[in-house]
Amino acid sequence: MSPFLRKLGALLGKDAADLAKNPTMVLCVALPVGFALFYRFFLGDMDLGSALRDESATPVVASAVTYVVLSMGLCMSIGMGASMSLVYGIAEEKEKHTLRTLMLANVTANQIVLAKGILALLVTVATEILCFLVSGAPFSLFLPYVGFGILGAIAIILLSLVAGLASRDQMTAGLYSVPILLLALAPIFGSYSSDISNVVRFAPTGGMDALLHMAVNGTLTTAGAMVPLATTVVWIALSALCFSLLYKRLLRDN
Amino acid sequence: MSSTVLSMEAVDLSFGPKRVLDGLTFSVPRGEAFGFLGPSGAGKTTTIKLLTRQLTRDSGRISLLGRPIENATAADYERIGILSDTSALYDRMSIADNLALYARLRGISRGRVPYLLERLGLAKDAKTLIKNCSKGMRQRAALGAALVHQPELLFLDEPTSGLDPAARAEVHKMLAELRQRGTTVFLTTHDMAEAETVCQRVAIINDGAIVACDQPEELKLRYARNRLTVRTRTRGRLELSKSRESAQQLEQLFAENEVLSVHSDEPNLEEVFLELTGREF
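Which chain is which? The protein sequence lines are F and P, in order.
Residues in the first sequence are numbered consecutively from 1, following UniProt numbering.
Residues in the second sequence are numbered consecutively from 1, following UniProt numbering.
Read the hints as simulated data drawn from the structure, not as lab findings.
Check before you lean on any hint, since a few could be wrong.
[Claimed, not checked] Derived Cβ-Cβ restraints for the label pairs, each shown as a range:
#1 P/G162 with F/L133: 43 to 53 Å
#2 F/P144 with P/F15: 29 to 39 Å
#3 P/R19 with F/I150: 31 to 41 Å
#4 P/A169 with F/N110: 47 to 57 Å
#5 F/P144 with P/I108: 56 to 66 Å
#6 F/D195 with P/F15: 48 to 58 Å
#7 P/A169 with F/L245: 10 to 20 Å
Bear in mind that the values here come from a model prediction, so they are computed numbers and not experimental data.
Cβ atoms here follow ideal geometry from the backbone N, Cα and C, with glycine treated the same way.
Isolated chain F (complex conformation) (with noise of 0.2 Å):
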């Protein structure tokens, strides 16, 4: 084995092995799963379609609750899984020195930032994939559920990299995270009003909650997909710009 894959091998590991023993980290991936389960019974059981009369209205709104129940997963998983593990993880190998004593052993800050940033898209789509097995969804969604879902994280994942190496400890990543959660977050709010429906599906993650809404409604097309798509990418292609022009000199001021 490449000293290379050696040793993101062993970050990996450490990563994982960490953030499983982290409260605050566990915390963020079970609190998507959580919202998941108790939308998923709190929605379901207030049996819209007969609370109007209109029985015909039930597929209608069980198709709604689906999309509300998995757009809330994903944005959750993306916010609370990648976001948060990342901007917070990396910020207190910062204040506790740990980061600089890896560097000292010999380790690349680039083994470093891929090791983390690996661990948080496993991460995300572990959470995601929880998310849809308590939503009740139908199975034929897992895998757009699960593709739209990693689209949706890479974007949320590099802005929440140079976040963390922004960051001087785990106070500023208090402060540095939150404008990222609430991009990985916003297509939950476009459900409160059309116009913020409107400006919030340009998110970095509103690409991605407009294919879900497409597939779980059984309209997704390769015309109707285009838009959010670009969308996704051209978040992704700006988050790497970001990234790249930023991270060498984040590393320097490091």
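Go by the hints and put chain P onto chain F.
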């Protein structure tokens, strides 16, 4: 293979208008334990940071493992171990798991971990989480992480700060063994006794410049005050120089049964430093 493992030649470094290193020049041959002594803010840690590429010099030449530091490769850095003043391990992992992590990062079998734990006096605390360790235990564990791959060149920045005398003696014994096996040690310390115990040569740095560099014994002889302190029955405490006249005076005192005690006033490194710089540690 070059016998000089580490060298600096006319190295300058400034932080803004403040010059922190001024024409630093020294070299360390393979297998030597070299002490870098000085008061806080003298430039000790800055020098280690330059040697470990955490900082870049303004001018001068630095050579590491026989090649200019700018040409040093990742493979060269695999031959180096560093315990910095801020070295820290993972709070939520045990001492043994932390050492196993560093063993894996260095491509070393984790079979070496129990040996290190034993040598550092941490065997019975192997499963203790770092967050529950005392400062001394943390320091020993961090030293273990720096030693896990048996480096050829070891940078130690205040390695025994926070350790009790027994643990300090154990670390000194370990360093002596490492040196016997050919490991080159670059050590910064405030502890003059430690420098005398561990190092074959020491450099004293003050205000970013080396003011003396030699074997501890040589430095002590060079800056010895050559005085005898004599306690007498009726004349109090007398300070005599080590001269023929003083010998006669001492003989006279003995003849008069005046002498209570005679002490040779041997200098230590701290006094050498005071002599050279006029500063307290």
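Cβ distance range 10 to 20 Å for P/A169 and F/L245, holds or violated: With a Cβ separation near 52 Å, P/A169 and F/L245 fall outside 10 to 20 Å, so the hint is violated.
Range hint 43 to 53 Å (beta carbons of P/G162 and F/L133) holds or violated: About 49 Å separates the Cβ atoms of P/G162 and F/L133, which means 43 to 53 Å holds.
Range agreement (Cβ of F/I150 with Cβ of P/R19, hint 31 to 41 Å): 53 Å, violated
Whether the CB-CB distance between F/D195 and P/F15 falls inside 48 to 58 Å: This hint holds: roughly 53 Å between Cβ atoms.
F/N110 and P/A169 - C-beta distance against the hinted 47 to 57 Å: 41 Å, violated
Distance restraint hint 56 to 66 Å, applied to the beta-carbon atoms of F/P144 and P/I108: 45 Å, violated
Assessment of proposed distance window 29 to 39 Å (beta carbons of F/P144, P/F15): Violated - the Cβ-Cβ distance for F/P144 and P/F15, about 55 Å, lies outside 29 to 39 Å.
In summary, the numbered hints that this structure violates are 2, 3, 4, 5, 7.
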